[in-house]
Amino acid sequence: MLSYTGCHCGASAVAFKAKLGGATMAEKKIIDGRGSFCPGPLMELIGVLKMSQIGDELEVLSNDKGSAKDIPEWAHKVGHEHVGTREEGGVWHITVKKTK
Amino acid sequence: MAVQKICVVVVSGSRERLQMAAMAASVAAVSGIEVTIFLSMNAVPYFIKGAADDAPSEGSFGDLLVKKKAPDFKTLFRQAVELGDAKILPCSMALDIAGIETDTLEPFVGEPTGLAAFLTAAADAQVWTF
Numbered sequence: 001m002l003s004y005t006g007c008h009c010g011a012s013a014v015a016f017k018a019k020l021g022g023a024t025m026a027e028k029k030i031i032d033g034r035g036s037f038c039p040g041p042l043m044e045l046i047g048v049l050k051m052s053q054i055g056d057e058l059e060v061l062s063n064d065k066g067s068a069k070d071i072p073e074w075a076h077k078v079g080h081e082h083v084g085t086r087e088e089g090g091v092w093h094i095t096v097k098k099t100k
Numbered sequence: 001m002a003v004q005k006i007c008v009v010v011v012s013g014s015r016e017r018l019q020m021a022a023m024a025a026s027v028a029a030v031s032g033i034e035v036t037i038f039l040s041m042n043a044v045p046y047f048i049k050g051a052a053d054d055a056p057s058e059g060s061f062g063d064l065l066v067k068k069k070a071p072d073f074k075t076l077f078r079q080a081v082e083l084g085d086a087k088i089l090p091c092s093m094a095l096d097i098a099g100i101e102t103d104t105l106e107p108f109v110g111e112p113t114g115l116a117a118f119l120t121a122a123a124d125a126q127v128w129t130f
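Chains as they are written, first to last, in our numbering: chain S, 1 to 100; chain D, 1 to 130.
Keep in mind that the hints were calculated from the coordinates and are not lab data.
Hints should not be assumed to be uniformly reliable.
[As the list claims (entries may be wrong)] Each computed DSSO-like pair below joins lysine-lysine, with the alpha-carbon atoms no more than 30 Å apart:
1) D:K74 - S:K98
2) D:K5 - D:K74
3) S:K77 - D:K49
Just so it is clear, the structure is predicted and the values come from calculations on it, not from any experiment.
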């Protein structure tokens, strides 16, 4: 089932349920932070993260180079898992897993 | 040793300084650092309910912030409070001089605070001034 959730910055976040390993149903959420600049995408991620469950994966879309470096750094600092970052056509896809 | 407590003193009314203060405060607050923001002088009027956030630019970069639609400083300050539990404390002297009543300030702004109380909060913190 596909559902849409809002966040503090007005960026769109698309959430869908998917098995992300293990028996529990975690959610994968996509946060569209394109067009925003640092720290906008990070703050948008945190807004959605606060409403998420442990195990959920959040993928931030950003065309801001600074956020592509800063979001993994933030995740490492506060103890969430940086799953990976990839760049496609000038858009970075930065995935963070909520671990606590 | 990592800094665990930061006091951000904001006295400027220029866009660049307000933006930098808001960026530093919000990211610090959501990174597990205890953040206290002390508002005084020209920064205070921007935190009256409904006040526009179109602060004058010091230089060309301030205009670029608007043109490129960088996150506005008031949103970042609010997020510092809502997402990172930062405290925003208006200077009681500045409110008195400007004739600003506490209940006219944005809801994310805390209680008026004097310098004695601020100095107590800042005693074991790094202090950044904008």
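For the pair supplied as a hint, K74 of chain D and K98 of chain S, confirm whether the alpha-carbon distance does not exceed 30 Å.
holds (27 Å)
Going straight from one Cα to the other, do K77 of chain S and K49 of chain D come out at no more than 30 Å?
Violated: K77 of chain S and K49 of chain D sit about 34 Å apart, past 30 Å.
For the pair supplied as a hint, K5 of chain D and K74 of chain D, is the alpha-carbon distance within the 30 Å limit?
The given pair, whose Cα atoms are some 22 Å apart, holds under the 30 Å limit.
Checked against the numbered hints above, the structure violates only hint 3.
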